[in-house]
Each structure stands twice: as structure tokens, then as C-alpha cells.
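Start from the sequences and build out the full structure, keeping to the hints where you can.
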Amino acid sequence: MSFEKIYKRIIAIGGVLIIGLLLSIFITLFINSSISIKKFGFSFLINKTWDPVFENFGAFPFIVGTLLTSIISLIISIPFSLSVSLFIGEYYKDTIFSKIFETFIEILAVIPSVVFGLWGLFYLAPIVRNLQIKFSLPPTGVSVFTASLVLSIMIIPYTISVGKEVIKLIPTDLKEAAFSFGATHYEVIKKIILPYAKSGIIAGFLLSFGRAIGETMAVTMVIGNVNTIPRSIFLPGNTIASVIANEFLEAITKIHISALIELALILFVITFILNLIANNIIKKVV
Amino acid sequence: MESKILKFENFSAGYGNLLVLKNINLEIFEKKITAIMGPSGCGKTTLIRCINRMHELNKEAFHKGDIFLNDKSIFEMNPVFLRRKIGMVFQKPNPFPHLSIYENVLAGYIINGIKLKREEKDKIVEDCLKKVALWEEVKDKLYLKGTQLSGGQQQRLCIARSLALNPEIILLDEPTSSLDPKSTVEIENLLEKLKDNVTIIIVTHNISQASRIADYVAFLYLGELIEYGKSEKIFTAPENPKTEEYLSGKFG
Ligand SMILES: Nc1ncnc2c1ncn2[C@@H]1O[C@H](COP(=O)(O)OP(=O)(O)OP(=O)(O)O)[C@@H](O)[C@H]1O
Ligand SMILES: [Mg+2]
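So the sequence lines, in the order shown, correspond to chains R and B. Residues 1 to 286 (the numbering used here) make up the first sequence, in order. Residues 1001 to 1252 (the numbering used here) make up the second sequence, in order.
Rather than coming from a laboratory, the hints here were simulated on the basis of the structure. Incorrect hints may have been included.
What the hints assert, rightly or not - No farther apart than 25 angstroms at their CA atoms in a straight line, the calculated lysine to any residue pairs in the SDA-like style are these: (1) R:K190 with B:K1092; (2) R:K99 with B:K1092; (3) R:K190 with B:F1081; (4) B:K1059 with R:K254; (5) R:K93 with B:Q1091; (6) R:K93 with B:L1057; (7) R:K190 with B:K1064; (8) B:K1059 with R:S83; (9) R:K284 with B:E1103; (10) R:K198 with R:I105; (11) R:K175 with B:H1098; (12) R:K254 with R:N47; (13) R:K190 with B:Q1148; (14) R:K190 with B:N1112; (15) R:K198 with B:L1179; (16) R:K190 with B:L1179; (17) B:K1092 with R:V285; (18) B:K1115 with R:D94; (19) B:K1123 with B:Y1143; (20) B:K1145 with R:K93; (21) R:K175 with R:F80; (22) B:K1059 with R:Y186; (23) R:K175 with B:L1179; (24) B:K1145 with R:I189; (25) R:K93 with B:Y1015; (26) B:K1064 with B:T1045; (27) B:K1092 with R:D94; (28) B:K1092 with R:T184.
The following block contains the structure:
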């Protein structure tokens, strides 16, 4: 067998293994959540109660918590990540300035999430506590909003890394053509760069969204771990990921464990689909 | 007598430590085609980019001396307004890929945020596409993306786009170098018609192209304007031996 053939075979085996791995994770989750799936059926998704004592399990509060934290964090991070992407990918493209900036952002992406969690607890929670006092809410410090703040910082590198690349890819030719019409730099950004890079930027947001949905450690530490639908974003709550992390070790009954695994299954499917969509968009752009 | 629209006066320009254009003195005639010729790297692109002040977008760029448009120094004008008066066509056709054919013609208005009524838009699009002889080919598919046309059609679209703001001058930097012979001839014919209304300055490496369409030829060599005059004169009896060598294909 030639080297190339062996090489190709290794790649093929690797690919098959990865697909197999994904499938087996899915199947394991599916089998282990079957008790819960059988017992609650579809109502699992819309039941607002999560009560281990009476063995009544519904995912709705966590679906709400997950959507809230990830959407709020996305909204907070978009202005930052968009302007930094433009800064690195356009205004200061290929300068030492943006190289340094990029390095810092990459570091931000590899900081362990427990560190973000601690920082959120010690630095952000007191700030949120002041807000809660202002709104005459219980001054817990930890809340859906605290978790969103921590998340918004954690996902910034993901949006930027995609955003700056698609912005860099825009042909100089097109920008020059726009300048030759008398456009200002701002108009070039608004009328040429952003429309051109739009789908890539959106893909970056989707990736960040997926990341925010699945983020566990930091969120568990600062969200307050309350299993009801939060009446305000300044009150504690739980996300799908955080309730799993928070309860799995304490769960004893079969149905409780099975319900937690069903949550994991939901998370797996959502993040899988989100990533699929985002990667498809990116592939089309690049 | 022919009137002059553009005048370079002791004009020099370059990048960083590199002096590219050396003390250029040149007068461009209105509603004529002036070809800028010369070997690669002699500064042709730099020269035309100075005319609409695109040169200064480069952080390293510098210039000395002056250029006058209708007796007014371009460096005293607002670059935004100057650029609207001067259209530019690039070497590679570059319609905006996110805009339709229709919107591409109107790109100058869209980018500058100039609002137009629907009828005005329709009229500009039709007029400009007719001027570049593209109307018949695309009138039924104006909604297609500009990039879905053939290379020659794209370049004509880019010329239409540069005409839409009613410029006084159009600058073209080797506009046919990436096109097939048929599209090249189409564009040449087109430029000859356009010069009734607009001054055309075209950079070209193609000697026969220049002899076919140019009224005037400026010959640059190592950043100096070594010969300038009516094209018949330059192609039949060039004064400078370098020009002659270039035209006979000895270098380039
Ligand atoms: N952005 C830039 N930064 C630094 N130097 C440049 C830049 N653009 C061009 N130059 C230099 O300026 C000189 C003239 O370049 P220019 O592009 O004007 O030549 P040209 O006559 O258009 O050549 P060609 O026929 O190959 O297009 C060259 O030596 C080139 O290396
Ligand atoms: Mg050139």
C-alpha cells in the first residue's frame, strides 16, 4: 500500500470514529433517559415544575433560563465583538496593534470557565446585588443577569474570531471601488463591509450562541440554582446545563437521573443543530 | 481649440521612501481619451490614483506639487466631492457581489446615501446601461447579482456604475487586461462613444489598443513623463528613443 493510501485510510478511520462517537453519545443519552421520556412524553418540554421530591419533572424553567442567559449575553456582547472585529479586521488590519489584541482575545478563549465563574462571583455579583437592592429584589448577587454578564465575556472571543476573519476576506478591490465613489470609511463599513460579511458575522453569533447555551461551570456558579421560571432576570434561575451540573451528584432516584439525562439530550441536540447551521454558513462564506 | 480639464504642476508622489512620480507636468484635454503608457512599475496606477486622491488612502503615501481640475486645486477640494466627479474603473471587474445589477449601477448613490425616487433610479439604470451597450443583454434580469454576468459584461457594468454619478472624468486602469478579445473590442468602442460627454484617462499596456482609441498618449518611464502628445505623433514619430523602444516591444 502506498503512503497516500495509508494516509487516506487513517483519515477515513478517524472520520468514522468521530461520527461513531457522536452517535454513541446520542444513543447512550437516549437509552438512559428512556424512563423519563416514557413517563413524561412531550409534556417534559412544557411542564413548569421540577420537583425531585414528588418526582414531577419538566424542563421548561431551564429552557427559559437557557434562552434568557444566552440571548441576553449575545445582545450584550454583540456591540463589543462587532466593533473589535472591525478594529482588527479593517481599521488596524495587519498592524502590530491588532496582533497584540488578537493574542489577548485568544487568551480570553482559553481561560478555564471556573475562573470566569469565580471572577463573576467576586466581582460581578456585588455589582448585581446593588442593582437588585435598587429594584427592591432579594439581594442575592447571583442571578440570570449575573450569569448573562459572565457569559457575554466568555463568548466574545468566538464571535470575534469568526467576525474578523470574514471582514479580512473582503477584497480590497470592492472597498476601493466604494472609496472611489466618495464614500467615507464609515460608509464603506456600513454599505460594503457589513453587508458582505453579514452571513459570516451571523455564523459567528450562532457559534457563540451555541457556546453560551452549553456553558456549564461558570453559569452554575453565578446563576443561583433555583428551579423555577425566573420572574425577573435579576432573580436566580437555572439553565439546562447548570441544573444538570448542580443536581447530578445528588440525584438518587432513577427517574430523577433519567430526567437529568433527558435534559442533556436536549442540550446535545440543540447545540449540535446550532453548530451545524453555523458551520454551513461559514463554509459558504469562506 | 481643445480645452484643458486637468493640469499636473510639478507633481511628485510616492510611498514611504520611494519616489514614484517625479515632477510631472501634464495637461489633460477635455472630452478626449488620454492613454497612460509605460513599462510595468513606472507609476501609471499611482498617477491616476492621484487624480481622485485615492493615493492618499494609503498610509505611506505622500505627494508634492499640485493637480488642478478646471483650474482649482484638487487638494483644496473635499475628497468626497472630488471622487464623485471622477469615476474609476479597475483592472479586474469588481461589481459589488451583494448588490443586483440594478443596484450596482446605482452603487454610487447607495453608498453615498443619496435617496432617489423610483422613476429617477429606473432612468439612471436604463441610461447608464444603454451607454455601455449592456441594456439589451440584461434588461430582463436586472435583479440578478452583478457577479453573475460574464467578465466583459461585469466590466461594462462597472463602467456604467462609474457613469451613474455623471462624472467629468473617468479613470480606467487596464480595464481590458483580464478580458477576452471580443469584450475588449466592445469596451474600446464604448469608450470612443463615451468621450463625447466625458474625459477618459486610460492606463493600458496594449499598444494597439492605445493606437486605436487614444487621442493623446502620455509615456511614463521610471516615474518621469518622458513623452506626451497626440497619439498619431507618438505612434509615428516618437521623440524619445525610450518611447520608440517601448512601442517596438523592446521592453515592457
Ligand atoms: N501600496 C504601495 N506601497 C508601496 N509601494 C508601492 C505601492 N503601490 C505601488 N508601489 C510602488 O510604486 C511603483 C509604481 O507602481 P504603480 O503600481 O504605480 O506602477 P504601474 O505603472 O501601474 O505598474 P503596472 O503596469 O505593473 O501596473 C512600483 O515600484 C511599486 O512597487
Ligand atoms: Mg498598474
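For each hint, the structure was consulted:
1. Only pairs whose Cα atoms come within 25 angstroms are accepted, and K190 (chain R) paired with K1092 (chain B) is accepted, the gap being roughly 23 angstroms.
2. For a cut-off of 25 angstroms, the pair hint linking K99 (chain R) to K1092 (chain B) is broken: about 30 angstroms separates their Cα positions.
3. With a CA separation close to 19 angstroms, the supplied pair K190 (chain R) and F1081 (chain B) stays within the 25 angstroms bound.
4. For the hint linking K1059 (chain B) to K254 (chain R), the alpha-carbon distance of about 68 angstroms lies beyond 25 angstroms, and the restraint is violated.
5. With a C-alpha separation of about 24 angstroms, the suggested pair K93 (chain R) and Q1091 (chain B) falls inside the 25 angstroms cut-off, and the hint holds.
6. A threshold of 25 angstroms between alpha carbons decides the hint, and for K93 (chain R) with L1057 (chain B) the separation of about 14 angstroms falls inside it, so the pair holds.
7. Of the supplied pair hints, the one linking K190 (chain R) and K1064 (chain B) is violated, its CA atoms being roughly 33 angstroms apart against a limit of 25 angstroms.
8. The straight-line distance between the Cα atoms of K1059 (chain B) and S83 (chain R) is roughly 21 angstroms, inside the 25 angstroms bound, and the hint therefore holds.
9. A distance of roughly 23 angstroms separates the Cα atoms of K284 (chain R) and E1103 (chain B); the hinted pair therefore holds under the 25 angstroms criterion.
10. The straight-line distance between the Cα atoms of K198 (chain R) and I105 (chain R) is roughly 21 angstroms, inside the 25 angstroms bound, and the hint therefore holds.
11. Of the pairs offered as hints, the one joining K175 (chain R) and H1098 (chain B) holds, with about 13 angstroms between alpha carbons and a cut-off of 25 angstroms not exceeded.
12. Distance hint between K254 (chain R) and N47 (chain R) is fulfilled; the C-alpha atoms sit about 19 angstroms from each other, no more than 25 angstroms.
13. Using a Cα cut-off of 25 angstroms, the hinted pair K190 (chain R) and Q1148 (chain B) holds, with the two alpha carbons roughly 23 angstroms apart.
14. A distance of roughly 11 angstroms separates the Cα atoms of K190 (chain R) and N1112 (chain B); the hinted pair therefore holds under the 25 angstroms criterion.
15. Our distance criterion of 25 angstroms between C-alpha atoms is broken by K198 (chain R) and L1179 (chain B), whose separation comes to about 30 angstroms.
16. Proposed proximity of K190 (chain R) and L1179 (chain B) is contradicted: the alpha carbons are some 31 angstroms apart, above 25 angstroms.
17. For a cut-off of 25 angstroms, the pair hint linking K1092 (chain B) to V285 (chain R) stands: about 21 angstroms separates their Cα positions.
18. Our distance criterion of 25 angstroms between C-alpha atoms is broken by K1115 (chain B) and D94 (chain R), whose separation comes to about 35 angstroms.
19. For a cut-off of 25 angstroms, the pair hint linking K1123 (chain B) to Y1143 (chain B) stands: about 16 angstroms separates their Cα positions.
20. Restraint check for K1145 (chain B) and K93 (chain R): not satisfied, since their Cα atoms lie roughly 28 angstroms apart, outside the 25 angstroms limit.
21. Using a Cα cut-off of 25 angstroms, the hinted pair K175 (chain R) and F80 (chain R) holds, with the two alpha carbons roughly 23 angstroms apart.
22. A threshold of 25 angstroms between alpha carbons decides the hint, and for K1059 (chain B) with Y186 (chain R) the separation of about 17 angstroms falls inside it, so the pair holds.
23. Between K175 (chain R) and L1179 (chain B) the CA atoms are separated by roughly 22 angstroms; this keeps the pair inside 25 angstroms, and the hint holds.
24. Proposed proximity of K1145 (chain B) and I189 (chain R) is supported: the alpha carbons are some 20 angstroms apart, at most 25 angstroms.
25. Taking the CA atoms of K93 (chain R) and Y1015 (chain B), the gap is about 18 angstroms. The hint holds against a cut of 25 angstroms.
26. For a cut-off of 25 angstroms, the pair hint linking K1064 (chain B) to T1045 (chain B) stands: about 17 angstroms separates their Cα positions.
27. Taken as a hint, the K1092 (chain B) and D94 (chain R) pair is honoured in the structure, with Cα atoms around 24 angstroms apart against an allowance of 25 angstroms.
28. With a C-alpha separation of about 23 angstroms, the suggested pairing of K1092 (chain B) with T184 (chain R) holds against the 25 angstroms cut-off.
The earlier numbered hints that this structure contradicts are 2, 4, 7, 15, 16, 18 and 20.
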